[in-house]
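There are 2 protein chains.
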Amino acid sequence: MDNCSSKLDFAKSGGLIPTIVQDAETKKVLMLAFMNEEALNKTIQTKKAHFYSRSRNKIWLKGEESGNFQNVKKVLVDCDLDSILLLVDSKPACHTGHYSCFFRQLNNDSGIKEIEKPVFNPEKTYKKKELKK
Amino acid sequence: MDNCSSKLDFAKSGGLIPTIVQDAETKKVLMLAFMNEEALNKTIQTKKAHFYSRSRNKIWLKGEESGNFQNVKKVLVDCDLDSILLLVDSKPACHTGHYSCFFRQLNNDSGIKEIEKPVFNPEKTYKKKELKK
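Line by line, the protein sequences are chains A and B. The numbering of the first sequence is the numbering used here, which starts it at 1 and goes up by one. The numbering of the second sequence is the numbering used here, which starts it at 1001 and goes up by one.
Take the hints with a grain of salt, since some may be wrong.
[As the list claims (entries may be wrong)] Covered, in the sense of this in silico footprint (three residues per stretch, anywhere, with C-beta under 8 angstroms from a C-beta of chain A), are these stretches of chain B: (1) 1018-1032; (2) 1059-1068; (3) 1107-1118.
[To be verified] Derived SDA-like pairs (lysine to any residue); straight-line CA-CA distance at most 20 angstroms: (4) A:Lys48 - B:Leu1081; (5) A:Lys42 - A:Glu25; (6) B:Lys1007 - A:Asn107; (7) B:Lys1113 - A:Cys4; (8) A:Lys28 - B:Leu1061; (9) A:Lys91 - A:Tyr126; (10) A:Lys12 - B:Lys1117; (11) A:Lys27 - A:Tyr126; (12) A:Lys74 - A:Lys58; (13) A:Lys74 - A:Asn107; (14) B:Lys1091 - A:Val119; (15) B:Lys1117 - B:Ser1066; (16) A:Lys28 - B:Asn1041; (17) B:Lys1048 - A:Gln105; (18) B:Lys1074 - A:Tyr99; (19) B:Lys1028 - A:Thr46; (20) A:Lys42 - B:Asp1109; (21) B:Lys1007 - A:Lys73; (22) A:Lys58 - A:Thr46; (23) A:Lys74 - B:Ala1011; (24) B:Lys1074 - B:Leu1061; (25) A:Lys91 - A:Asn107; (26) B:Lys1027 - A:Glu25; (27) B:Lys1028 - B:Asp1080; (28) B:Lys1091 - B:Asn1107; (29) A:Lys74 - A:Tyr126; (30) B:Lys1048 - B:Asp1109; (31) A:Lys7 - A:Lys27; (32) A:Lys7 - A:Asp82; (33) A:Lys12 - B:Lys1091; (34) B:Lys1091 - B:Lys1113; (35) B:Lys1042 - B:Lys1074; (36) A:Lys113 - B:Leu1081; (37) B:Lys1007 - A:Ile44; (38) A:Lys47 - B:Leu1016; (39) A:Lys117 - A:Lys48.
No wet-lab data here; the hints were simulated from the structure. Using N, Cα and C, we set each Cβ at its ideal position, and we do this for glycine too.
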């Protein structure tokens, strides 16, 4: 099996490639996270999204605590091979309980305003008291 | 006017925040680029997307050469305040002539495959011979 992840430009961003996650059905952008080459290989092999946590310095499987795994339908790459777009099935993505991590709007007159309400209670969903992304 | 860009966490990624650009109408993801605080402020003030080029070390106005300015409808921010999502009007985004920069799919069996064709000729659109992102 060709290890196609090696074609991407991981060096440009110090080993980590920004990865957009989009709902394949509704086209809603759910989150942005980072992948190193191992996370991308695990994602391709398992068809479940894996990322690299910059704060915890390790690979994480999205959904490992919440159960909201992201089943990957397509992996797209950009023109410069330094960004990734995952198309995934429909699941809430945010550790705050919102469907998308992008639930707030920035306005210069009113500051930051929540424009979407949570769809689940994160305190019940996450096993640990300290919520993680 | 409140300078709301100061609420974002630019420090986390060395001053640059990854910014997703999405077509407000079709919901297609067009590109990913980076913003520093000045680029975000210019974007908010002018309602045209500005980014920070890591290769050229300067602010750039998207469309300054191609004419395909991105008129910004909404600026969304993520849960950790370290990613931005711009919703823009419908314009081709990629310096290769494709509508979206994400025109290739990654498959482990067939490698990287183009799944969308260009919609314009970049040699005619860009003034300089050396194409820029």
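Does the structure break any of the earlier hints, and which numbers would those be? The structure conflicts with hints 2, 4, 5, 8, 10, 11, 12, 13, 14, 16, 19, 21, 23, 25, 27, 28, 29, 30, 31, 33, 34, 37, 38, 39, although it agrees with all the remaining ones.
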